[in-house]
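Trainee: Chains A and B, in that order, give the protein sequences. For any residue, its number in my numbering is found by taking its place in the first sequence, counting from 1, and adding 40. For any residue, its number in my numbering is found by taking its place in the second sequence, counting from 1, and adding 30.
Quick caveat, the hints were computed from the structure, so don't treat them as lab data. All C-beta atoms in this analysis are idealised placements derived from N, C-alpha and C, irrespective of residue type, glycine included. Mixed in with the good hints, there may be bad ones.
[As the list claims (entries may be wrong)] Taking CB as the label site, the calculated pair distances span: (1) Val-47(A) - Glu-127(B): 36 to 46 Å; (2) Asp-168(B) - Asn-79(A): 17 to 27 Å; (3) Asn-79(A) - Ala-90(B): 20 to 30 Å; (4) Thr-337(B) - Ala-81(A): 20 to 30 Å; (5) Ser-247(B) - Val-47(A): 43 to 53 Å; (6) Thr-211(B) - Pro-82(A): 46 to 56 Å.
Read off the chains here:
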Amino acid sequence: MHVEVDVPKCVASGQCVLLAPDVFDQRDEDGLVVLLDDNPAPELHDSVRESATVCPAAAIRLTES
Amino acid sequence: MDRIVIVGASSAGLAAAETLRREGYAGTITLVGDEPHPPYDRPPLSKEILSGAWTSDRLALRTSADLDALGLDTRYGRRAVRLDLHARSVHLSDGSEAGFDGLIVATGVRPRHLPGERAHVLRTVDDALALKDRIGPDRHLVVVGAGFLGAEAAAVARGLGARVTLLEPAPVPLAHAVGETVGQALSRAHLDHGVDLRTGTAVSEVTAQGVRLSDGSVVEADDVLVAIGSHPNTEWLEGSGLTVDNGLVCDEYSAAVGATGVYGAGDVASWHNPLFDTRMRIEHRTNATEQGMTAARNLLGAGRPFTPVPYFWSDQYDMKIRAFGYLRGHDEVRIVQGDLAERTFLAVYRTGDRLSGALSVGMPPKAINTWRQSIAVGAQWADAVSTAAA
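Please take these sequences and the hints and turn them into a complete structure.
Mentor: Here it is in structure tokens:
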């Protein structure tokens, strides 16, 4: 699985950080998303897919291999 | 279960469709939407679309390839007009029917209007583009209603150089949503940015010249935006046997009361949230998605109660407002960090003996995330505030 984030679309809701803290973080100054791991381990895939669905800005894009 | 119909093709309906496929459901999914567009995002309408920062093609919630991969039977540009629970069929506005084994109701809300002439509202992409074309320097926009939507539109219109009058019937804008102290602090931003904010001002009708106030006087305007709340779209459910009372009445699993295999999701659904032990109907973007996911899983038999911590955000001028929890009906507000007057603060809310909410303006996200975790576990107010003070 390859993860991309569209930072200009991000609305800093932090839903992805709550669901997958090993993959996503937020910047302190404005809360925008920081991608920690663009190729997460298989055991994290469910929570990353959930993050992509929940993201209120549709700012997380997944490519499943 | 071989046939699932989802009525409503916005965030909640899309989340339900995606979740059904992710959970392995391989049968038919019929997605009905009254707008002609594939699912798109609404929060940017009063922000990036109205300001012109984005063109409307950026609103699409999924690429056409992603939607194609879901294998949906899409019925866009058609409204559901009637539900027949005995025949298990939804009747659509073009005369066709969609039969189902399972049904997800996600028909959302529509804006309330005022009597009189036609005014702008802000719910669809077409609404936003029509309003955007009318905003600019030397033009006067009257916004009726200083809730979050009206406040965001007023802020964008000022940014585009328009003259803006913001009319609000309550003495303090947003007081019912965030409390008087916080509502007062947020509304001062309008004054600082040159908006003519008039509170305690009720509008009786829209006229050809502008709006008529309840005292009979007229406020002239080039354009009028009415942002006075919304109605759940439940008329098509009348006579179906489902219970409708300010939305489709659902239980704690998001299942519609009075039927089997029927679930509600998003703005239209009123459900009992066990975390707050309260019936609520939430018109927030993230709730639409979360409830769509839960409805889909429970329709497939997951049996999981829907217990979210509601979340919303609002962008006004340079303010980034974020809130977690259920703030309505709170008993106390306390500012635990920052300064109200500088509009950089973190406020927390008590309802009974529980911590029920937290709202931040201009604070690092981690400051409020800690409070969110406390709300999610049902923390006692006394414990939460003493831990934070330590």
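Trainee: Between Val-47(A) and Glu-127(B), is the Cβ distance one that fits in 36 to 46 Å?
Mentor: holds (45 Å)
Trainee: Given the hint of 20 to 30 Å, check if Asn-79(A) and Ala-90(B) actually sit that far apart at their C-beta atoms.
Mentor: holds (26 Å)
Trainee: Can you tell me whether the CB distance of Ser-247(B) to Val-47(A) sits inside 43 to 53 Å?
Mentor: For Ser-247(B) and Val-47(A) the Cβ distance comes to about 48 Å; the hint holds.
Trainee: Okay, Thr-337(B) versus Ala-81(A) on CB: inside 20 to 30 Å?
Mentor: Distance hint for Thr-337(B), Ala-81(A) holds at roughly 28 Å.
Trainee: For Thr-211(B) and Pro-82(A), compare the CB-CB distance with the range 46 to 56 Å and indicate the outcome.
Mentor: The hint (46 to 56 Å, Cβ to Cβ) holds, given that Thr-211(B) and Pro-82(A) are roughly 49 Å apart.
Trainee: Within 17 to 27 Å: is that where the Cβ-Cβ distance between Asp-168(B) and Asn-79(A) falls?
Mentor: violated (53 Å)
Checked against the numbered hints listed earlier, the structure breaks hint 2 alone; every other hint is satisfied.
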